[in-house]
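Chains as they are written, first to last, in this note's numbering: chain A, 1 to 160; chain B, 1 to 300.
Think of the hints as simulated: they come from the structure by calculation, not from any bench. You may find that some hints are simply not true.
As the list claims (entries may be wrong) - Interface residues of chain B toward chain A, partial, derived using beta-carbon atoms under 8 Å: (1) Ile-26; (2) Phe-35; (3) Ile-49; (4) Ala-53; (5) Ala-125; (6) Asp-127; (7) Asn-129; (8) Phe-131; (9) Asp-261.
Only a predicted model underlies this, so the values are computations on that prediction, with no experimental measurement involved. Note that beta-carbon positions come from the ideal geometry of N, C-alpha and C, so glycine has one too.
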Amino acid sequence: MRVQSRFFVIPVSLLIALVLQIMPLPIEADVYRPDWVLIVLAYWAMALPNRVNVGIAFITGLAMDILLGTALGIHSFALSVSVWVLVANYQRLRNYSVWQQAIVIGLLSALYHLLVFWLQHLLTDIYFLFDYLWPTFTSMLLWPWIFWLLRKSRRQFRVT
Amino acid sequence: MDSIFTRGPSINSRLALTLALSVMLIVIDHKFDGFSSTRVYLNSLISPIQYIANLPGVMLSASAQRLTSHQQLLSENERLTNKLLMMSERLQRFDILQSENSQLRKLLDAPVKPEMRKMVAELMAVDNNPFSQQILINKGAIDGVFPLQSVLDDRGIVGQVMEVGTTNSRVLLISDVTHAIPVRSVRNNIRFIASGSGSLDELILEHVPHSVDVKKDDLLLSSGLGQVFPEGYPVARVNSVVRDESRPFATVTAQPLARLDRLKYLLLIWPEEQNAIETPSGEQPAQEDIKLKQPEDNDQ
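One chain only, chain B, in its complex shape (with noise of 0.2 Å):
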């Protein structure tokens, strides 16, 4: 059975052999990211896990959604039946603003803004590497779900898709460190990055001067501009801002609008990207401002 000449390659050798997968797996996903494709099917592959470790909690939430009194029920109801009321009263100003807005769009010549098809995905798991914050949501390939996609709850921004497999969907969150999301301040439009910070309540605005104008309490849009995230969604609120002349910039702290650590149901949206961005007009003054700003470099 343990015979000498059924043991294969010696304990080293095979470490050196798995070693050198590793490290060649490594710099091929990461460097090159040559497993986009190959990584759809092997989350599919290896779902059922997946949902086998859901199991307990599904079974945990239908037993408590089973036990659920009377009482809450109705008082639950009554509750939406206000929230519904108080939407539907906003909402018939929307509409009115909306119409507004797209007459002088009209006016203006500027593109009017489509409407998104959305969907509404459940949260599966949460990653529990302490490294990066990943979530996997219920939708996939299968619902038009596609890569770079913006994942919304009821507050904000909360990520976008990373990874599509057939049936499930992995989520990257705005506060992992490897994520940064273009904003823009609501009070005065100036454009910040916001890139995460590790932790789910907090993101850091980078290269900020001392001299910008930016408060606590200043609320954070996305602006559009990287193309990913569609513009005019709350991303944070800006916690603190620390200005030190000891250090080149601001340190400036944001807080997450969307409740990262307690997300439920989440939004996808479909963004109708094609006739809103290929406007020849968007690009020209961007490159007018490239242009207009090499001489100032050249003369620092």
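One chain only, chain A, in its complex shape (with noise of 0.2 Å):
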């Protein structure tokens, strides 16, 4: 039981995140909805970045273009970038503390979302509105307990 439970716990809470990302929320509260897949993904890029670098981030970003109607690649695109820098310093920021990982998250996440910008700005003509980075601070704010969560579940399910 426990042996098969480790392999599913990284792919189901990336199913969870990315139902949060795309459940219906009111107008108002969804300016400020947070980047569920981005943080979810960041933790195990953290964590585990020999398991979750880049090419998963790749594959969940393909599934949120379609979830969300955009051209393929976009989020794709996005979300590598955003996991790459992760990897890449992994070690450093492993020993940051919680709230100095939460501003690393907010600034890879304004990342994300102005990579999105400039993408979609390249193949349609939007404007760019501050509304958009709002995510970036409720992100930042909801880091600390998606990473106790999934510290938690990675300690009991020992996934490695």
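Build the complex from these two chains, which are given one at a time in their own frames, with help from the hints.
Written as structure tokens, this is what we have:
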């Protein structure tokens, strides 16, 4: 039981993140929706960079492109770059305190949103609104809790 | 476990590979539209996630339905009965007008407009992507939905079907920045193109010269010229007209009549375009127009 469940922790957490990412919300709350997928990917990329890195980010990004109806490749591009930054520096980032990590996650989320905006801007003529960067703050606030939850589940199921 | 031999390619080469793949996908998908058939399968493959994400909303509305009081049901029933009465009264007049109209059209040898097949669809999800405005409806290829099909609500045109999945499909709203719909003013039949502004309550009428007779509160109907939307459905009402002479065109904005922010039930329509469009008389004047216009352009 335990041997099997430890292989499913990462995919299941990513699936839950995808569901939360597309779950319908009231319009007022929608602007503040945190980047669930990015946060979960970031945790796994920092904790287990040998299992979750750029490839998984790419596949998750493709799933997001299909779910959100954007041109295939936009979210996979942005997620790959963001996760690459984390995996390249995971040894340093692990030693930071949780709140320092939250700031890094915030910067990363800003990078992610700017990348998505920039790629979309190449394809269609959209304008930048600062509303697009609200998720950066909510993701930052959410990071400590997700970090705690995922670390607990990682230790519980002994995911390696 | 994490030995040097099981690591595979380095992280940088992986990044290079995924970025190259992403760019390739973007180019193929956007520029050449190469995935329009594959997307049906991809959408169906991934639709379980969509259904799971929709569950809380479905459960909430189900419990809300269970909890509606007797009083509320009675008042709603009364309201709907009244509405039905009003509607059927209007329908009686409409029937007479329709038969009269078809008789007149027969006299004029114009093709009689056929009845259209309709189907009610329900909203499944609204995309939270801030850069594009799309919704997901619960009818798909097995119900006969096709790409570019028009979608309406009870007040006017909502958008067109963009991608069709097996059991659900994606609708592009008229307010999306990439969307434009040919319209005409009811008051004086002037044609416009209404393109989306990216915000749900505004459309922009493009390339309107300063001299054109357009006023606030003009009703705009679909003109049927793009052959995507059927003719004569309400689209928007003109909101503001700013004639700033320092700009090449007047700035005209319109408000969509369909309530794009509170969609629930939608109407899909199947136009019988074959009989209506393939009349030769419809095409010839257009060509003459072009011929007539060209010399004028040269003179200027």
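Exercise. Taking 8 Å as the limit, does the beta-carbon of Asp-261/B come near enough to a beta-carbon in chain A?
Worked result: 6 Å, holds
Problem set entry | Satisfaction of the Phe-35/B interface hint, Cβ to chain A closer than 8 Å | 6 Å, holds
For this session: Hold the hint about Ile-49/B up to the distance rule: shortest CB distance to chain A must be less than 8 Å.
Result: 6 Å, holds
For this session: Tell me if Ala-53/B is really an interface residue toward chain A, meaning its C-beta lies closer than 8 Å to one of theirs.
Result: 4 Å, holds
For this session: Using 8 Å as the Cβ threshold, decide whether Ala-125/B counts as touching chain A.
Result: 5 Å, holds
Problem set entry | Hinted contact Phe-131/B with chain A - closest CB pair below 8 Å | 5 Å, holds
Problem set entry | Restraint outcome when Asp-127/B is required to lie within 8 Å of chain A by C-beta distance | 6 Å, holds
Problem set entry | Interface hint outcome for Asn-129/B [beta carbon to chain A under 8 Å] | Since chain A brings a Cβ to about 5 Å from Asn-129/B, closer than 8 Å, the hint holds.
Exercise. Can the hint on Ile-26/B be confirmed by a CB-to-CB distance to chain A that is less than 8 Å?
Worked result: 4 Å, holds
Checked against the numbered hints above, the structure violates none of them.
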